[in-house]
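Colleague: Listed here are the chains, written in short residue letters.
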Amino acid sequence: MNGVDFKWSGFISEYPVNDLGSDAYAFIEILYPLCRSITGAGTRQTLQLVSQEIDLNVSEVATGTQVFDWTVPEEWNIRDAYVEDMAGNKIIDFKLSNLHVVSYSMPVDETLSKEDLDSHLHSIPEHPEWIPYRTSYYNKTWGFCLPENQRKSLSDEQYKVYIDSDFKQGSLSYGECYIKGESKEEFLLFTHICHPSLCNDNLSGISIATQLAKYLSSQKLNKSYRIVFAPATIGSISWLSQNQDKLLNIKAGLVLAVAGDSGSLTYKRSRNAGSYIDRMVLNVLETSGKEFNTLDFSPYGYDERQFASPGINLPVGSLMRTPNGCYPEYHTSADNLDLVKPEYLSDTIQAYIDVLNIFDNNTTFINLQPYGEPQLGKRGLYRKTGGLQDIEESILAKLWVLNLSDKDNDLLAISIKSKMTFKTIQCAAEELFQAGLLEHVKE
Amino acid sequence: MNGVDFKWSGFISEYPVNDLGSDAYAFIEILYPLCRSITGAGTRQTLQLVSQEIDLNVSEVATGTQVFDWTVPEEWNIRDAYVEDMAGNKIIDFKLSNLHVVSYSMPVDETLSKEDLDSHLHSIPEHPEWIPYRTSYYNKTWGFCLPENQRKSLSDEQYKVYIDSDFKQGSLSYGECYIKGESKEEFLLFTHICHPSLCNDNLSGISIATQLAKYLSSQKLNKSYRIVFAPATIGSISWLSQNQDKLLNIKAGLVLAVAGDSGSLTYKRSRNAGSYIDRMVLNVLETSGKEFNTLDFSPYGYDERQFASPGINLPVGSLMRTPNGCYPEYHTSADNLDLVKPEYLSDTIQAYIDVLNIFDNNTTFINLQPYGEPQLGKRGLYRKTGGLQDIEESILAKLWVLNLSDKDNDLLAISIKSKMTFKTIQCAAEELFQAGLLEHVKE
Amino acid sequence: MNGVDFKWSGFISEYPVNDLGSDAYAFIEILYPLCRSITGAGTRQTLQLVSQEIDLNVSEVATGTQVFDWTVPEEWNIRDAYVEDMAGNKIIDFKLSNLHVVSYSMPVDETLSKEDLDSHLHSIPEHPEWIPYRTSYYNKTWGFCLPENQRKSLSDEQYKVYIDSDFKQGSLSYGECYIKGESKEEFLLFTHICHPSLCNDNLSGISIATQLAKYLSSQKLNKSYRIVFAPATIGSISWLSQNQDKLLNIKAGLVLAVAGDSGSLTYKRSRNAGSYIDRMVLNVLETSGKEFNTLDFSPYGYDERQFASPGINLPVGSLMRTPNGCYPEYHTSADNLDLVKPEYLSDTIQAYIDVLNIFDNNTTFINLQPYGEPQLGKRGLYRKTGGLQDIEESILAKLWVLNLSDKDNDLLAISIKSKMTFKTIQCAAEELFQAGLLEHVKE
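Residue numbers (this note's numbering), protein chains in the order written: chain A, 1 to 443; chain B, 1 to 443; chain C, 1 to 443.
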């Protein structure tokens, strides 16, 4: 690009974020009942529903495939599961909540003593009414999850347990939506799809990612975008393993999860603090006027762990609301349709679009009148009366852009140094560019 | 210079700062009545009065001269102006306060309705007794400034307005005082001279600059000094444009304005935070034991904007008291002889001289006995009895100078790291140099 | 070293720190009565007692030897000293406290007026019951130290003063304990031995250094250790001057003094903040969970001054408890056996061993499975059930080691970034190394 043909993307225009939040919530309601895991029908059905919304390319990675240090496990499917008391009552029933069964439970059909059953039960003493979510992907066993109160009330001597599940040579599924822009430089959005009926973790992520993909598809874009829907850990590792040729184009990325609760936005930095994604996200949060939290990188959390592994080392952060493990409803039946609300989803979507807008529009200009300030007044870009106490934000933004457009500062750097929003700086740059005061730097 | 012929300047000696503050105040009283603007007789007369105090070289830049992106405007002069009510009373009279007329007002002589007049009036609702200061240099119009209370009391249907001003092919005037020292490396002091009867902004700056020039002229100097008196914006741009060959020698500089009010000293950093001027000024303020404020650079304010433009990019900060726009009297008739006091002027002068002393005397030594501490005692530079709880500041300063005189640290760096005043470090270095323990590093 | 033959030292094993503290206190009790100075019998006897505990190599530096800018002074010895009143009572008696005589006092035997005597007396008005400690090594004089209350009560017209001391061509003594490990890279521990009956300053240092030397001698070590016992200032300068060939191997060091009082641990940074020793010590303190203080480097204090001189410039910090000069009992008779306690000595010893453990075991690994996380579960290094809120510290430590083992981070860097103790990181690395997931980087 050069000064003559440089064009802003249409991105800066207003977008119906509230609508996107409502749409995201409605989609969560649809996805909620499905029993997802790292493989299996529920996960595949979830991708199917997403693909009705956006242009999704679904891949299957066969059981036994070596993905880096891991092997894709057998595909797990479950049809029914319950615990019956001596009177024949189904006191725990998978059909009432898919959280009741430990994910990847082996099939079982036997009667056992209360003590033996108890060694297969999971509950949370601190939250006696909630069903916990537990998994045992790589350690073959079976188990049931139930409220602590119910567990305490078990008084029969024996119980019948029944799990109708199976493991087979199948595949792990992931979906990818690629939205091409002018440049092949791309932004990676990753969201995990392996959790069953849990809304914040991570139907919020799946649903917001879907809305963002839809939104991006409607824009004229400078950069390209890749949105990956995959199981956590084994899914991101599979995707990375099978798409190593794509990694070079990824200039920034975010892991999108736990994004719909009432907490403030939280940004977890990428592995190399101060990376491009860190600067973009922190700029959005710092100029938002809203409260937010930040976390330093740590190698625990969600799939940022994989993107941050030393052999991959991509600039991928995580923008969420209350971090995983930090809200009481986390990984329990209380992470339901009440915990997540359209307005929180909207707030997250707004921040993501602001970040994506920076990624799409950030560029560098040179001030063509660098000796002293150019005379803005003769170009109609300055106020007419002098001597006033304050200066308008839009003029101040122009002065910042002119002062820092010396090749060393892109618009993001100017936004950071001026503490003004990227959009304010972007608008100022656009006016100055139109007035012939800036030249675009070829990249 | 080398170890043999190195000499300190006489600068470190005591100076009569209180006297300088009183002299500065007296000079403000003389300059106060003149009607200054960016051009014209009042400004020229101001330079004339300054030239009676110091060796000032006045330049005239003709109307129409291209100065970077700007053009020197026509010269504006005003002789009389008033608003008369229907009874023939001069209710607003330029002769009572030159703030009453918007600077660069066009001539006018007509009778108009109260409503039409009102669209040419300026007042400040928050301060109903004060006359604001307004300008319209590049947008041809006319206007009157008056107290809000008076504006509200206007009740006649018609008013006669009269402004006897003219625009002509003339020139813009600036003055320069150059004080030559041993080295051609120079310090730039810039103060704006375009404001009419406003004391803090900026008769304080003009008057302190005059005192500093006088003071510097009386010293044996290592470095050179350039003190520029010019209108704001168009003046600094004109000076820069016409003196580009001088810029290379400027190693540091300060914009001197709003320097006589009761507020603490405020330092606004130069464009590249951590520059030489930033380190000098912050060192003075941090070791002063007094409260002070700092501001990060921003491209709004006074003429530091021009020195900081990307094509100029000089290490010029701004050392002031309450920043422009941050005190209620700013740009009003309340910025008068009561707002500014000799003691505040003295305090500002003290800080400036401390900064200039650093600039003049800062240099680098090498410790000639770098292995372990040299034995100061045998040279009479250490106390005689050991075991005491505390150490004298003068000895500690010597230990700092010896420890850090390894070529990498100049005296300013030693002052910063030791948190001791530059003068304390300078005295310690002088004693050690006399004792043969330091060698001067050729520059 | 390479991945095959890499071995941890035995250092990480538990050690009986409480016992070491008790032993250190007991040794202080033995050393307390001796009259030490920068030369002479008491100092030599102190080294003799230390050499009964550890393998100590004692050197003598002859009077008159040039050591950098200094000259080793005559050896001073004292046998008796007192002040007698007119009635013949010994009102000040060296035999009751060796603090009573200014160190390096000349011999004297005369009767003088109360006034003349007073000019040779030292006391502390703020602490009227305590005897101060004073020295006059390089300024030949004599003097007595006494409580202020006693000084005030002196009422006789004349006093007899007697000091049976002498100066002779002798030597200055220092001791060195060198403990050889696999690598010749060494850690320097320096403690000063010139103070008489003062417990915290510095029998605590001498005694802890002795215990550490004993402890290190019992370990299988990767690195080497040099522990120097020498007089302050002239002693460290003599040692440096006579051992310049050894300095190249010193990779880190600590000056050990004032180490047994009730104050929190205090770390005074080395000359170049952020040096290896700074990072090790601050890591130990920051992960200790205990309060601690830090001081920036300054060229005053103890022998770190000499190690930090620009020609020496070694990474030597100072880890102490309450800094010299900062507790009221400093350099007085109140720095006695009550001020120092075994538990404080233990606490200091613990911190030193933690630092030495880092020095001995710090090394760098490479993650052999750097693409995504390696599957810890299949190696028995991960928990079996997923979905839980928290993660075990031992697993998190493994994730940190894996994530940062990219050649750029040694274990200390990983400990600092993870905010986990070095030992936790070291244990995690050991498990991962045993599991074949890490390779050792040859140094």
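Think of the hints as simulated: they come from the structure by calculation, not from any bench. This one's a predicted model, so the numbers in the text were calculated from it and none came from an experiment. Hints should not be assumed to be uniformly reliable.
Since the list gives no way to pick one copy over another, a pair counts as held whenever it fits inside one copy or between any two copies.
[To be verified] Below 30 Å or equal to it, Euclidean Cα-Cα: the simulated BS3-like pairs (lysine-lysine) are: (1) 246 <-> 378; (2) 417 <-> 251; (3) 384 <-> 152; (4) 168 <-> 384; (5) 407 <-> 251; (6) 290 <-> 417; (7) 114 <-> 407; (8) 378 <-> 140; (9) 341 <-> 214; (10) 419 <-> 251; (11) 384 <-> 114; (12) 407 <-> 423; (13) 384 <-> 90; (14) 384 <-> 140; (15) 384 <-> 160; (16) 378 <-> 168; (17) 152 <-> 341; (18) 95 <-> 384; (19) 419 <-> 168.
Colleague: State the violated hints by number, sorted upward, taking the hints as numbered earlier in the document.
Modeller: Result: hints 7, 17, 19 break, sorted rising.
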